[in-house]
Amino acid sequence: MVSRRPFYIVVALLYIIGLALVAYRHLAFNVPLWPGEYRNVWSAEAKVEFDANGGPVIASLAVPDTQEGFTRVGENTASPGYGLSFVTKDGVARAEWSISSATGHQELYYRADMLSDPYAKALPTTIPPIDKSLEKQPIAFAINQILTAAKSRSADAFTLTREIVKEFQIQAQNAALLEQNKKPAYLLVEILNQADIPARVVRALNLEDGRRRQRLVDYVQVFNGDKYDLFDPVTGVQGRPDNLLLWEYNSVPLLDVTGASKSQVSFSIIKKMVPVSKALQAKFEHTELLNFSVDMLPVEEQALFKGILLIPIGVMVVVFLRIICGLRTSGTFMPVLIAVAFLQTQLLTGLLGFLSIVGVGLVIRSWLSKLNLLLVARISAIIITVICIIGGLSVLTYKLGITQGMKITFFPMIILSWTIERMSILWEEEGPKEVFKQGGGSLLVAIMAYLAMNNGLIQHLTFNFLGLQLIIMATVLLMGNYTGYRLSELKRFKPLADELHKK
Amino acid sequence: MWFFEKYTSPFKLGKLGIMGMNQRNVSYIGRYNPRSLYPLVDNKLKTKRIAVDAGVTVPKLIGTIQHQHEVTKIAEMVKEWPGFCIKPARGSGGKGILVIMRHADGLYYKPNGSSCTTNDLERHITNILAGLFSLGGKPDFVLVEDLIMFDDVFDGYSYEGVPDTRVIIFKGFPVMAMMRLSTASSDGKANLHQGAVGVGLCLRTGKALRAVQYNSPMRYHPDTGRDLYELQVPHWEKLLNLSAACYEMSGLGYIGTDIVLDKKRGPLLLELNARPGLSIQIANGAGLLPRVRKIEKMADTDIKRMSVAERVKYAMDNFGVLQP
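Protein sequence lines, in the order shown, are assigned to chains C and D. Here the first sequence is numbered in our numbering, starting from 1 and rising by one per residue. Here the second sequence is numbered in our numbering, starting from 1001 and rising by one per residue.
None of these hints come from the bench; they were simulated from the model. Misleading hints may appear alongside valid ones.
Stated by the list, open to error - Chain D side only, calculated, beta carbon under 10 Å to chain C, not exhaustive:
#1 Gln1023
#2 Leu1132
#3 Leu1278
#4 Gly1285
As the list claims (entries may be wrong) - Okay, derived cross-link-like pairs now, BS3-like style, lysine-lysine, Cα gap no bigger than 25 Å in a straight line:
#5 D:Lys1110 x C:Lys433
#6 C:Lys370 x D:Lys1095
#7 C:Lys502 x D:Lys1207
#8 C:Lys494 x D:Lys1015
#9 C:Lys370 x D:Lys1110
#10 D:Lys1207 x D:Lys1138
#11 C:Lys437 x D:Lys1095
#12 C:Lys494 x D:Lys1263
#13 D:Lys1006 x C:Lys502
#14 C:Lys370 x D:Lys1138
#15 C:Lys491 x D:Lys1006
#16 C:Lys437 x D:Lys1006
#17 C:Lys491 x D:Lys1012
Bear in mind the structure is a predicted one, so any value in this text is a computation, not a measurement. Where is the CB? At the ideal position from N, CA and C, for every residue including glycine.
Take the sequences, apply the hints, and build the full model.
Here's what the structure looks like:
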């Protein structure tokens, strides 16, 4: 007797690996286990306005990228008449519009779709250089006073930043003097630089649904070693607030326009709810992440895979109904293929189509059987007949205005032909009763498989969690090892059991 | 409750030792029948050859038809034989078997009296060659065999068909036997699910134990009215010996042997079945499991030392129900 241990080890491994893959995808990539979840996608639109001087114009706008908290899932521009390119200057991406001549007020739009995503990659960051070129007196003196007071109460770069902001409020006179000269964010960076702490001003957008004509706000990015944190330069609050999108974060100008005047940028924001599947698809479209998922494939192949990944579900249903329930079908996996066709046609159309094709096919086959043809030729004739029936039904239903009827072209024709052939033989040998029994059994299994495969939750799970395939595999293997009674046998042996029990 | 009226509990079945389909497939067929030996039993011509080599008697082969161009030879081939039987070499479940009792003036008469023409025979043979009846639709070939003249003792027990004896052989031991009798509703076929009557046989005596049709017990043959409980198979020990010898011959651990009793030649091996059905339990009113388990407990070396006759003796002593 062959040892069963390796078998159980393999099954256990399949379960463990499968569950681990599912868990990994759920936890590491935030793929929900339940379909119908939504994610926020913020559409932030920058409107660039300027008055063109009549000559060539180049407008260059800093654009945001995937960052902590947000994944950029799309960008869009509207700029009639302008040439547009996304250029990279000093490692910083910008949108650059150009036109040979323009006059008067111009409006250009750039929109970024940012997915709220706690698992988004952080931005690559360089530590800014320290600029210690001192201001003239009395500004340098005021800076020094604030810095000295703040330093005495601080331990590191982050606490120092907070204390400097506090000191602004305490030394109101000094603060007023300094703020005449510079905006608070730049001032804070200058003071930090004096204390040998790298810092830079970044420009951010507060995401709030339905806001228009927004401006970017200044934040200060302070480095403590190679870590950094964001500070509100006015309140001194540390950390990135929720829904704060960094728009310009490389110490470059937000907007750069040549050949025009009175340029300005304003922002409007809307929040969209996007189904998770769509959000994930957009997210993984452009990533090179090592993650086993179908999301990385082109959309067309994804659609194909969506169907293929469902087949194991149908197969599992067949295995269950045959091994555990003991249902009989004509052709082992014919029901699965019929169920796949049902997915395309919807159940009712599919059933009607299937029954009409098989019915008409059986009538024609009964005539063919009189011709005494060779089997292969006969099946071929049936295949052609089936195609004719499908064509005829499609045209007929189309003429009648039922476009649903067109969908019966999705049926696997070779399978249908073999089904007709088998049913016909069965009819001749065992009579119509057996035909309805087996045909009905096959259809019942096909409908069960369809219901399983058409289930939204199952479609979501199979498509998003490839690990599930291993779990299905293990389950099928386990069922293959099932030596218990089938449901049908409990009925079959019932009279025998009752009789033996009486004795 | 409806469910409990129609279904029994699996524990009850287990206690009674009734073998289920899954257990048969996994624990017996899967474990004791090496896949490589299947062609021997799935192909009736090969079965015949090894049977002849092993000295097991089989029905006479009139001829074979292997190619389409030979199909028209059929009339010539059977000219000298009053009755014959056309079979696919790789058929299963009795599918594709055509029995002709007699022929005259180009018309061939089936057991139920209906006739067919040479053309019909050729079409049937063409279908067999194309693989219509074979497992997986593989191209097949045709055996034409001499008709079996079954023993007179079975007169009235079978309607329009050859009564055959099915014996389950496990590791060379007969473990259960039944007689399969065709009826009008089974259309001359001997498969129980098609309506044939199954008569469970005592392994010690070859006497009828009980009879069932469509899973329910009965006493009289539905078409001839004969008392099935009077049935006793002659040459019983010889028949069991022939069946048990099929173990060495085929190398398969769990098989069903189909044996017919010919008037002149005695027990003939009709075919071997590597996947014998489970209805035999219903016909016998007993589960297979206690018997096969008893054999599974025996050491392989002990079994190897036993001759065919010794194994048959063991089975008669241990699995017999009636006293001689």
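Status of the hints after comparison with the structure:
1. Checking glutamine 1023 of chain D against chain C: minimum C-beta separation of about 4 Å stays under 10 Å; hint holds.
2. A distance limit of 10 Å between C-beta atoms decides the matter here; for leucine 1132 of chain D the minimum to chain C is near 6 Å, and the interface restraint holds.
3. Taken as an interface hint, leucine 1278 of chain D checks out: its beta carbon lies about 8 Å from the nearest beta carbon of chain C, inside 10 Å.
4. The beta carbon of glycine 1285 of chain D is positioned within 10 Å of a beta carbon in chain C (closest approach about 6 Å), and the interface hint is therefore held.
5. At most 25 Å may separate the alpha-carbon atoms for a hinted pair to count; lysine 1110 of chain D and lysine 433 of chain C meet this at roughly 23 Å.
6. The suggested pairing of lysine 370 of chain C with lysine 1095 of chain D holds, with an alpha-carbon distance near 20 Å, which does not exceed 25 Å.
7. The hinted pair formed by lysine 502 of chain C and lysine 1207 of chain D meets the criterion: a straight-line CA distance of about 23 Å does not exceed 25 Å.
8. Simply put, lysine 494 of chain C and lysine 1015 of chain D have alpha-carbon atoms about 13 Å apart, close enough for the 25 Å limit, and the pair holds.
9. With a C-alpha separation of about 19 Å, the suggested pairing of lysine 370 of chain C with lysine 1110 of chain D holds against the 25 Å cut-off.
10. Of the supplied pair hints, the one linking lysine 1207 of chain D and lysine 1138 of chain D is violated, its CA atoms being roughly 40 Å apart against a limit of 25 Å.
11. Proximity of lysine 437 of chain C to lysine 1095 of chain D is assessed by CA-CA distance (about 18 Å); at most 25 Å being required, the pair is judged to hold.
12. Restraint check for lysine 494 of chain C and lysine 1263 of chain D: not satisfied, since their Cα atoms lie roughly 38 Å apart, outside the 25 Å limit.
13. For the hint pairing lysine 1006 of chain D with lysine 502 of chain C, the CA-to-CA distance comes to about 17 Å; that is within 25 Å, so the pair holds.
14. Only pairs whose Cα atoms come within 25 Å are accepted, and lysine 370 of chain C paired with lysine 1138 of chain D is accepted, the gap being roughly 23 Å.
15. Simply put, lysine 491 of chain C and lysine 1006 of chain D have alpha-carbon atoms about 6 Å apart, close enough for the 25 Å limit, and the pair holds.
16. The suggested pairing of lysine 437 of chain C with lysine 1006 of chain D holds, with an alpha-carbon distance near 19 Å, which does not exceed 25 Å.
17. Distance restraint check for lysine 491 of chain C and lysine 1012 of chain D: the Cα-Cα separation of roughly 12 Å lies within the 25 Å cut-off, and the hinted pair is therefore satisfied.
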